[in-house]
Every structure is written in structure tokens, then in C-alpha cells.
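Asks: Just need the whole structure built from these sequences, with the hints factored in.
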Amino acid sequence: MNLLNTEHLWSNQDSFLDIPPQELQARDFELENDLFEFFYKSLIHKDNQLKGDQLSSIINLYEEREQYLEHCNHQITRKVIQKIKQNLPERAMIDSQGLMWPSEGLRNKVLSQRSNLFHSYTHLPDSHRLANLTVDFKLQPRSNHYDSKLMQIQPLFEFYKFFTLPKPDVTHFQLRHLVYCVDKNSVFYIENGPESSRIMRLDPETNKIHTQLDLVTSQFADLKISTMSANRSLISVGSFNGTLLTYNLHTNRFQEYLLTNHLDGIITYILMSKHSSFANQLMISSNDKFLRIFDYTKNQVIKADKLDFAVNTICEGPASEQSQVLISGDTQNSFIIDRRLPKLSALPIILTGHYDYTFASDWNINHLIATGNQDGTVRIYDTRFLSNTTKNPSGNSTLFTFSGKLNGAIRNLKFDDTGNYLAFAESIDNVYLIDLKSGGLENINPGLMCPSTHPSSRIPLQYQPISCIGKITGLSFIPSENNTQVLTIGITDFSSGGLLQYKIDNYMDPQISAFI
Numbered sequence: 001m002n003l004l005n006t007e008h009l010w011s012n013q014d015s016f017l018d019i020p021p022q023e024l025q026a027r028d029f030e031l032e033n034d035l036f037e038f039f040y041k042s043l044i045h046k047d048n049q050l051k052g053d054q055l056s057s058i059i060n061l062y063e064e065r066e067q068y069l070e071h072c073n074h075q076i077t078r079k080v081i082q083k084i085k086q087n088l089p090e091r092a093m094i095d096s097q098g099l100m101w102p103s104e105g106l107r108n109k110v111l112s113q114r115s116n117l118f119h120s121y122t123h124l125p126d127s128h129r130l131a132n133l134t135v136d137f138k139l140q141p142r143s144n145h146y147d148s149k150l151m152q153i154q155p156l157f158e159f160y161k162f163f164t165l166p167k168p169d170v171t172h173f174q175l176r177h178l179v180y181c182v183d184k185n186s187v188f189y190i191e192n193g194p195e196s197s198r199i200m201r202l203d204p205e206t207n208k209i210h211t212q213l214d215l216v217t218s219q220f221a222d223l224k225i226s227t228m229s230a231n232r233s234l235i236s237v238g239s240f241n242g243t244l245l246t247y248n249l250h251t252n253r254f255q256e257y258l259l260t261n262h263l264d265g266i267i268t269y270i271l272m273s274k275h276s277s278f279a280n281q282l283m284i285s286s287n288d289k290f291l292r293i294f295d296y297t298k299n300q301v302i303k304a305d306k307l308d309f310a311v312n313t314i315c316e317g318p319a320s321e322q323s324q325v326l327i328s329g330d331t332q333n334s335f336i337i338d339r340r341l342p343k344l345s346a347l348p349i350i351l352t353g354h355y356d357y358t359f360a361s362d363w364n365i366n367h368l369i370a371t372g373n374q375d376g377t378v379r380i381y382d383t384r385f386l387s388n389t390t391k392n393p394s395g396n397s398t399l400f401t402f403s404g405k406l407n408g409a410i411r412n413l414k415f416d417d418t419g420n421y422l423a424f425a426e427s428i429d430n431v432y433l434i435d436l437k438s439g440g441l442e443n444i445n446p447g448l449m450c451p452s453t454h455p456s457s458r459i460p461l462q463y464q465p466i467s468c469i470g471k472i473t474g475l476s477f478i479p480s481e482n483n484t485q486v487l488t489i490g491i492t493d494f495s496s497g498g499l500l501q502y503k504i505d506n507y508m509d510p511q512i513s514a515f516i
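Each step along the sequence shown adds one to the number in full-length UniProt numbering, with nothing skipped, and position 165 is 165.
A few of these clues could be false.
What the hints assert, rightly or not - Straight-line Cα separation of at most 20 Å, SDA-like style, residue types lysine to any residue; simulated pairs:
no., residue 1, residue 2
1, Lys85, Gly105
2, Lys437, Pro479
3, Lys343, Glu316
4, Lys503, Asp183
5, Lys303, Arg340
6, Lys298, Met272
7, Lys343, Gln281
8, Lys51, Leu117
9, Lys138, Leu111
10, Lys184, Asp417
11, Lys274, Thr297
12, Lys224, Thr171
13, Lys161, Phe477
14, Lys437, Ile365
15, Lys224, Gln255
16, Lys303, Ser345
17, Lys138, Pro155
18, Lys437, Pro465
19, Lys298, Gln255
20, Lys274, Phe477
21, Lys85, Glu70
22, Lys184, His210
23, Lys405, Pro155
24, Lys184, Lys274
25, Lys306, Asp338
26, Lys503, Gln75
27, Lys289, Lys343
28, Lys85, Pro102
29, Lys83, Tyr68
30, Lys224, Asn241
31, Lys161, Lys503
32, Lys224, Asn192
33, Lys85, Gln75
34, Lys224, Gly265
35, Lys303, Met272
36, Lys41, Ser56
I should point out that these hints are in silico values taken from the structure, not numbers from a laboratory.
Keep in mind that this is a model prediction, so the values were computed, not measured.
Replies: Structure (C-alpha cells):
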């Protein structure tokens, strides 16, 4: 993971640790400021679209929001929105974060202004332009408030809840794997205070928040969490100084292990396996270019391999390919490796097509791999068609490619457990849900797709844009009761952040992906 200043934008030798702290604080990576700082900066920006009286009306409505949040236990639902809407002017709207707007048009203008001020961070020259030439589907956001023309369009997932009390956070703007749902009663996320980090748990059923582990009250008070992973029995977090912490949810016992004391030792990703054969193992990447397998029951590293690049994201194959993992990072290619081999980097299968560095990936049960890159694209691969890529790594092995409105870096993406849905997020404001089982024009709702003119645009897609305000800290699917599935979206913003949930009923559809 290379975070470079603008003077060294095309150099891959420097890391973010080489930049003076005062310069890091002065720079605005991917619209880091919160909503009200954004309003202030908009007033002095030369391309400002917002008038002073418009901003004043938005702020006044925000103050009213703070009052009604007390009455609804800081939880926004459809019923809450409908009740409050009765007391607002006819043109006013309430979005899924409970933010009130004088009109939908003004909200769209704010989102447009944020889009204009947004500058996505890249490492390699011209990566956005080159990647755009290969895009098959350019997805467009849409307001969460349906107008009359769209009333007949059935969304894939329905708005469910927005929790305003949780304050999920991002410690490093490129690392966004900080929200995990392990069951219907447990959403884990990271909060960062002025002195230390905390692991928090929200119970969406009761709207109760519990501090799972407060590092400021422990011997790890000086640690800043960089990444997290969790399941029903274990939480594991990595830090900026190369320390790994594991926390057993059954015994309330945590263990510490210093993986590396290298200056560039920030832990970038932790893979917790779903397969019983690897249940005790964590695969961990760090910015010193090491990939390690850690046995948390023995509290020891059992395998380590130094690569030619730093890995930023890892995902594992389904049961039929469970020994295989995909590693992606500070290189344009991704690699499928076999974790059983003595040397982890031996005999890789190479996935090509991206033009910058990759920070998100996932692998579904239908043999599809998705990768999210700083070139602004999501690329889909089918592992059954990759047998020749080792012999011909220069060819493009992509099945097809998406991008979002902002052309911004994709730092979060997840398949659901059925493999039928893929969610991915741009750095700010936009999440997209793709129905992978839709194929053929007869299955597509008008207005839900915007395919490019690229020749390989061959399968129309049905997708649902989810509009929010803030930086995305994580995406997580979890099956719930009565054949319902919930998507949780972490949003960090001092004024409008929280945990946003959408759900789908009867999601166990017998159809399979149209790309199989």
C-alpha cells in the first residue's frame, strides 16, 4: 500500500510514512472532511453550486433532525420517515440517513457538488482514463427518494434501518474493511477516539451498543487499528505498528502478537477462513510485502513469504476451491495462490486487466471473482476460464467491468452468500447492488442500467444504486430470519455517519448467476 504525496505521484518507492504529519493533515484525500466542513468549503469554492440561503435551510433542518432523533431512539426506519414527513412541506424529503431536505433537487445539488470536489487518489499515471476505455457498464446513482417516473421500479433491496448512534471510522483512507456482521444481533465496527481505537458491537434488534474492547484501557492503548475481521467466535484486528490482536468472544480473552517491527509494517488485511480445514488460520498481509499464515490457537506464525509487492486485500475460494486464495495489492495484476504450498507465492494464476492498485476483492460460490481498484473499476473474472493466464499474463482475463459515477477508487465490495448479489462502494456517497442472476433484456427494469458502448457490453444488468452522504467504511451481508438477507453499510461522517441497512426477502432464489 503506497500512499504518496503529489510530488512523488508516479513513484512507487515512497510510502505514506515518508510524508510529514503536517502535510498529511493538510491534504484532503478523497473528500475526508465531514458534511458541514464540506458546506463551508463549498461556499469558498470557485465552482460552488450552492447558495447561502440554501445551506442555511439545510442546517436548520439538520437541527430539527437532532431533536426528532431523541424521540425515535436514534434509529431511522420507514415508519419514522413517514411520520416526520407528515409535518414537512410537500416538496421536502427525508433520505435514508434521516437527513431532511427542502427539496430532492437540493439534495441532488449537494451530491453533485460533492462529486465536483471529489478527487480520487491514484498511484499510476492515466489509470482512470485507460480503465474507462474498457468499462462495460457505467452505473449511475439515483436518489433514494423515488419520483413518479420511478414508482414502478422495484428495488432489489428495501431500505430497512439507519442507526445514528454508531460512529464507524476510518483510520487510513485506503483501508475500508472495518464493518463485519456475524449474525442478526452482532455488527462489529471500529471507532477511533483522540487517544486510541475501540471495537464496538451494535445489536440491530435492540439498537444497543456495547464496547467489545477499548484499547485505551488496556496495555494496547497506543495502538491504532488499521483493519479488522470477525466471525461468531473471534475478532482479529491489525494495527499500524504491525501488531495483531485476537479477541475470543466466548472466553473474553485477547492475545497480542507482533508480526513485524518493520517501519512499513502496517497490517493491511486479515482473512479469517470459512473452511474447517483452515479454521484456526489467519492469512495476514502487511505493508512490508510479507504474507503470513498465523495459527491463532497457538499464537504463532506458521508460514511467511515475502512478495514483490505489498498485498492490500485477500479472499478465499469456495468449498470446491478452498485451498486457493486471491491476493491483490500494489500491482496491476491479482494472483491466485495455493496456501498449502510451502512457498505461498509459488505457481500463481494471474488475473489481469486493472490499471492501478487493488484494495477490495471477493470470491463467490459460483466461481466468480470481483476486484475493486483505484482505477475506478470493478472487474469480474470466472475462475473456470483462467487456466491459460499463467502462460499469457499480458492478455486481459476480465469477464466484464463496471464503474460508478465518480470514477472513484473502489475500496469495498462483497458478494452475498448465495452468489446472486454483488455490492460495491465508491469511496464516498455511492453504493451499488448488482443482481448477478439477471440476464437478458426481458429481466431489466428501464432506467436501472447504463451500459457503455464498449464492444464487450453483452449482458444487460439490473442494479440498484444506494445514495448516502459520507465515506464508506465497510460492507457486510448477513442472512437473517424468515429467508431475509441484510446488507449493512458503514458510513463515517461526524454529522451524518452511522450504520445503514437494506434488506431483501425471499432471497434464496433458485436461479443462478446469468454469467455461469
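Asks: Hint compliance check: list the failing hint numbers for this structure, sorted ascending.
Replies: Checked against the structure, no hint fails, so every one of them is satisfied.
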